[in-house]
Amino acid sequence: MPELLKGATPNIFSDQFAGGALMDLGVYPLYFAIG
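Take 343 as the starting number for the sequence shown in this note's numbering and just add one per residue.
The set of hints was computed from the structure by calculation and includes no laboratory data.
For each residue, glycine too, the CB sits at the ideal point set by N, CA and C.
If a hint is listed, it holds; no wrong ones were tucked in.
Each pair of labels, with its calculated beta carbon distance range: (1) Pro352 - Tyr373: 17 to 27 Å; (2) Ala375 - Ile354: 16 to 26 Å; (3) Asp366 - Leu346: 14 to 24 Å; (4) Gly377 - Lys348: 37 to 47 Å; (5) Ile354 - Phe374: 18 to 28 Å; (6) Lys348 - Ala375: 33 to 43 Å; (7) Pro344 - Gly377: 36 to 46 Å; (8) Pro344 - Ile376: 38 to 48 Å; (9) Phe374 - Pro352: 19 to 29 Å; (10) Gly349 - Gly377: 34 to 44 Å; (11) Leu367 - Met343: 19 to 29 Å; (12) Thr351 - Gly377: 23 to 33 Å; (13) Gly377 - Asp357: 20 to 30 Å.
Sequences and hints are given; from them, build the entire structure.
The structure is reproduced here in structure tokens:
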């Protein structure tokens, strides 16, 4: 948490790691639409 407050981007939100949590959240609407 201190790193986030300093302005650092954690890996879970970094686009260098395919968006991490953000990418994961985008999968659920697609699954719902297709399934």
